[in-house]
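Trainee: Full structure from sequences and hints, please.
Given next are the chains, with one letter for each unit.
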Amino acid sequence: MSTFSSMHSPSYSHSFICSSSINEKKNQRFVFSSFPRFSVPANAKVFLQCQANSHQNAVLMQDGAVATKVSPVEKETPIEKLKSELLSVTSSNEWDEKAGFDINENESTVSITVVGASGDLAKKKIFPALFALYYEGCLPKHFTVYGYARSKMTDAELRNMVSKTLTCRIDKRENCGEKMEEFLKRCFYHSGQYDSEENFAQLDKKLKEHEGGKVSNRLFYLSIPPNIFIDAVKCASSSASSGNGWTRVIVEKPFGRDSDSSAALTKALKQYLTEDQIFRIDHYLGKELVENLSVLRFSNLIFEPLWSRQYIRNVQLIFSEDFGTEGRGGYFDHYGIIRDIMQNHLLQILALFAMETPVSLDAEDIRNEKVKVLRSMRPLQLEDVVIGQYKSHSKGGVTYPAYTDDKTVPKDSLTPTFAAAALFIDNARWDGVPFLMKAGKALHNKRAEIRVQFRHVPGNLYNRNFGTDLDQATNELVIRVQPDEAIYLKINNKVPGLGMRLDCSNLNLHYAARYSKEIPDAYERLLLDAIEGERRLFIRSDELDAAWSLFTPVLAELEEQKIMPEYYPYGSRGPVGAHYLAARYNVRWGDLGLDQSA
Amino acid sequence: MDGSPLAKGINPEEQEEFFIDILDKEEALSTLSITVVGASGDLAKKKIFPALFALYYEDCLPKNFIVFGYARTKLTDEELRNIISTTLTCRIDKRENCKDKMEQFLKRCFYHSGEYNSEENFAELDSKLKKKEAGKLSNRLFYLSIPPNIFVDVVRCASMMASSANGWTRVIVEKPFGRDSESSAELTRCLKKYLTEDQIFRIDHYLGKELVENLSVLRFSNLIFEPLWSRNYIRNVQFIFSEDFGTEGRGGYFDNYGIIRDIMQNHLLQILALFAMETPVSLDAEDIRNEKVKVLRSMKPLELEDVIIGQYKGHNKGGRAYPGYTDDSTVPKNSITPTFAAAALFINNARWDGVPFLMKAGKALHRKRAEIRVQFRHVPGNLYKRNFGTDLDKATNELVLRVQPDEAIYLKINNKVPGLGMRLDRSDLNLLYRARYPTEIPDAYERLLLDAIAGERRLFIRSDELDAAWSLFTPLLKELEAKKISPELYPYGSRGPVGAHYLAAKYNVRWGDVGGEDD
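Heads up: the sequence lines are chains A and B, in that order.
Residues 1 to 598, numbered by my numbering, are exactly what the first sequence covers, in order.
Residues 599 to 1117, numbered by my numbering, are exactly what the second sequence covers, in order.
Keep in mind the hints are simulated off the structure, nothing from the lab.
For each residue, glycine too, the CB sits at the ideal point set by N, CA and C.
Treat the hints with care, since some could be wrong.
Claimed, not checked - Simulated coverage check for chain B against chain A, where a stretch passes if three residues somewhere in it have a Cβ under 8 Å from a Cβ of chain A:
id	region
1	808-821
2	824-830
3	873-887
4	973-982
5	1003-1013
6	1026-1032
7	1040-1054
Mentor: Below, the structure is given as C-alpha cells:
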C-alpha cells in the first residue's frame, strides 16, 4: 500500500475500489495498443492478426511481460485444450513460437463447405459474408469455398450465382472488382445428395486435392432444412472430416421445436460430432450492439453499479418486423414467433444482459454465466404470455394481406405472428424485476432494441415538476440494435428558461454519426469466429436445453389448448393485450410512448 | 425552515398561492420600483437593463413597475432612455413586436442624478418613487452596480432615505465582497447595520447559468447519477474557467484582486458547493444554502503547495503581437497579480474524503470555456483491461457539463468500435443544448433579477456562506502576498502554465480539457 502514501487521505486505503484501481495502474506494464485489425495487408500474418483481435485470451504479448491470462480456472475441457492447441500463444515464453505459428499458417488450409449452397441464406448472407472477410484480409492465406447442393451446377455456374450477390463495404470500394474475381476463383461446387456418404466422399477427394497435403481444416456450414441436418452431419463427419486438422460444423436454427426434439437433435449430432465441433449460430449474437452490451456493462464504471433490482425497474427486449410472411410462411407456420424469435434471439440477449460478471471473456466463462441466468429463470407461464396474429388491413388504397391469406399457410392456422411475454429471473440480482419480451411480424416498424427502465428517484425533490405519472419521469437506457444503431440514455433535464420545467432529454450516441465505417454483417463476425474456434457467440448444448425448458411447457399448452391469437391489423402496433400484460407488472412499453424520441 | 422571516410561506403550495394572489389581486395594488445605482456603468448598460427588458418582454415583471437609473452624471430621462435603447436586444426566437415592447419599456425608465453618499439625493429619489407609486403598496429593489468602496455609503443612504414604507426593500450587491475574511466580514457588518440578512441579495451570476441550475436537476431528478456521486465512484472533479482575452486596458480593478478572488473564491467555489452538497431537505433557498455551507465548512483551507499561479506575458503569433498583463497601462509594471491559478481542494466528509476537486481559472488562454468535468474511477477488475493500453486513466468514464459557450452535457463511455475486431474507444453520450432546445437560453442576470423580485434566495449567497468561502482562501491569499510569490509566466493565447499539470499529477489527476483529442 505504499502507493497510498502519496494520496491525500489515509482513509483511501479502506476503499476497495480505489485500491484495486491503483494497483491496476501500477501493475499494468504491458502495452495493448488496440491492434488495428486490418492494418496489415493480407499476408501470412493476417490470420494471426485476426485472432489476436478477437476475444481470445491467447494474447500477443508485446514486450514479453507476464501475461495476465484471465482464466485462472483449471478446467481442461476439451474445448480449452483444443484452443490452446490452436492458439498456442498464451505466455511470454511461447511468444517466440510466433514465427512457427506463421509457418504453420502457411502450411494449413481452411475449406469452407456451404451445404445447401443454392438456398436463400447461402446466397444472401453466407457467400457475401465470406467475401467481405476475404476483402478485409481476415481469411487465412489458403482457403477454398465449396458449394454443395443437389442441383447440378458447374463451378462457373456457382460463381456466376455467387457474384450476383456479392457487395463491397461502402467505405472502401477500391479493387473491389479485382478482389471479387480472386475470391470467385477460390469458389467451387460439388453436386450431391445430402444423405449420400458416397457424394460426400467425392467432396472429400476434391477438398484433398485443393489442400495439397497441407494441414487441413474444414468448416461445414449447414444451410439446409432441419429434417436433413442429421443426414448431412453423418455423411460429412464420416466421409469428409479432416484427417489432420479440425472439422467444425455450423448449424442454424431451428434447433428442434421443444425440449424433446431439441435434445434428440443434440443427441444425434453428438453421435457424429463432439461438443466443440458444433457451432450453433444465433446471428443476433453477432450484431454489433449485442456485442457491445458486454463492453458497456463491463468496461464502464457507471453502468455496473446500477445493474440490479435495486435500480432497474424492468427490462424490455423488443423485436418487430414491418412485413409478414409474404408467401413464405411454410416454415414459419410450423414454428411461430415464439420459437422463431423469442426462445433464441431475445432470450440470448436477455441472458447476456442479465448475467453476472464472467471470470474472463473466454467463451466457456461467458456461456457458463449465461446458463446460470437461464437456469435461474422460472419457466414461462401461460398467463404471462399474449399471442397475436396479423389480419389484413387496407391503408391508403393498398390492401395488406392477413397471415392466413398467405398461400403457404393453412387457412385455420393459429400460429402466433406476435407474442409478448413476461419473464423473471429468481436470483439475488434480479428477483422481482420483470423482463418483458415482445416480438412480432407485420407491425408498424422494423426495430430491435433493448430498453432498460430505471426506478423512480426515491424522495425526489422535483416530484411536483413531474405531474401525476411518475413512470414518465424515470431514466431509461435504450440500446437500439437495428436499424440505425444507437445508444441513448433518457435523463430528466431542466428546460432552459426562467422557469423550472423539466423534460426528458437524451444523452445520445448515434452510430451513424459517430462511426463512419459500415458495420459488418452479423454473419461475417460469426463465420470468422467459427474459423478461429471462438465459441463465445455460439450456443452450447446445455444453454440450448435450458432455453427450451423455459419455453416448452407454455408452447405445449398453447398448442394443446388451441389458444386463439389476438388479431391485429397488418402494419399496426400489435394487439392491445401486450399493454395489459405489461400493466400487470406495472410496466409501460418504452417503444410505444407518445413522444417522438421514444 | 426555522421560522425565520426568510422562510415565510415558502412551502410549495403556499408559494404558488402567493404568486396567484400577486397576479390576481395584489398585483393591481402593488408596485415594483427597480433602482439601478450606477446606471451609467458598464454592467448596467450591458447586462442589467437588457435583462430587465427581456423580463418585461417575457411578461415576467409585475404589472406596475418602474425602473430608475441613479448615478452622478447629469442626465435627463430622455438621455437615459437613449443610452439604454442602444443596448437592448430581443431574444432571437421571437422578434415580433420588439419595437413596440421596447418603447413601452423605455417609457417606464427614469433617471435621477445624485451623489452616492448623499442622504439628501436619495430622499429626492424617494419622493420621485412615491409619486410613481401613487399610494399603492410599494416594493423596492436596489441594484448596486458600483465600486465596492462606496457600497456602504449607498446602502446607508438608500436604506435610511429611500426604503419602502409598506412593502419590501431589497438590495442586490455584486462582487467583490471584500478581499479576504476580514474585509468581507467588515462589509457584511456594515451592510447589516442598515439591512437585515433577508434584504441582502449577493449575486453570483454563475449561479444563474443554465447548466449550473441544471446541476441539481441532473443529480436529484435522475436515478442514475446519485448512486455514483461519491468517493466510491468519482475519482476527481474539475472546475475549469478560461477566457481567451486579457484585461485589455481595464486591469485597474482586476490588479487589486487577481484571478483567485475574481473567479475561484466565488464562481468556482459556489459551483463546487452545489456539486458536492448532500441532498437538501427541499429545494427551498434556506435548505440548499444550509447544505452548501456544510460543504464549505467541511473543506480544508487551501494550502500554498496546492496552488499554482500564473500571469500572461506578451506573445507574437501570426504577425500579431499580444500584450503581456503588465503591458496594460492600468496595471503596475511590477505587478505579480495572478491572471491564472490552479488549485486542489478537498472535502473532508464521508462522501468526498480523498477526492481531489481541482480548479483552474485563467485569462488570455487559448479559448473561452467554463465547464465541470467529473472523472470516474477505473472499472475494478476490468475484463477489457487489455484493450486499453497502459494508461487506464484514459479509459475511465467522464461526465462533462459545459456551462459556456455552447451549453452541453456529455458522458464519455467506453464503447466497442464497430467492426470485426474488439477495439474499444471513448464515445460520447451527448446532449447538445443547441440541437435539443431551439429557444435562446436566457442570460444569467435575467434569472437572478427575477428571483430577487420574487424573493427567491436560492441563487444568492448568504453571509455565512460568504464567510466560509473566504476562510478557505484567505490564508493562502495572504501567504501569496506576504511571500510575494512570482507567478509562472505563460504566453497570451496559450494553454496556461505547465505548473497546472504538475499540480494535477501530484494528485493523480489529468486535466480533462487539454487531452490530445477533441476532449
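Trainee: Next, verify each hint and record whether it holds.
Mentor: Going down the list of hints, with the structure as the test:
1. For the region 808-821 of chain B, the assignment as covered by chain A holds, since 10 residues bring a beta-carbon within under 8 Å of that chain's beta-carbons and 3 suffice.
2. Under the rule that three or more residues need a Cβ within less than 8 Å of chain A, the assignment of the region 824-830 of chain B holds, with 5 such residues.
3. Residues of the region 873-887 of chain B lying with their CB closer than 8 Å to a CB of chain A number 4, which satisfies the three-residue condition for coverage.
4. Under a criterion of three residues with beta carbons nearer than 8 Å to beta carbons of chain A, the stated coverage of the region 973-982 of chain B is upheld, 9 such residues being counted.
5. Counting residues of the region 1003-1013 of chain B whose CB falls under 8 Å from any CB of chain A gives 7; the rule of at least 3 is met.
6. With 5 residues having a beta carbon nearer than 8 Å to a beta carbon of chain A, the region 1026-1032 of chain B meets the requirement of three or more and the stated coverage holds.
7. Against chain A, the region 1040-1054 of chain B contributes 4 residues with a C-beta closer than 8 Å to a partner C-beta. That satisfies the three-residue criterion, and the hint holds.
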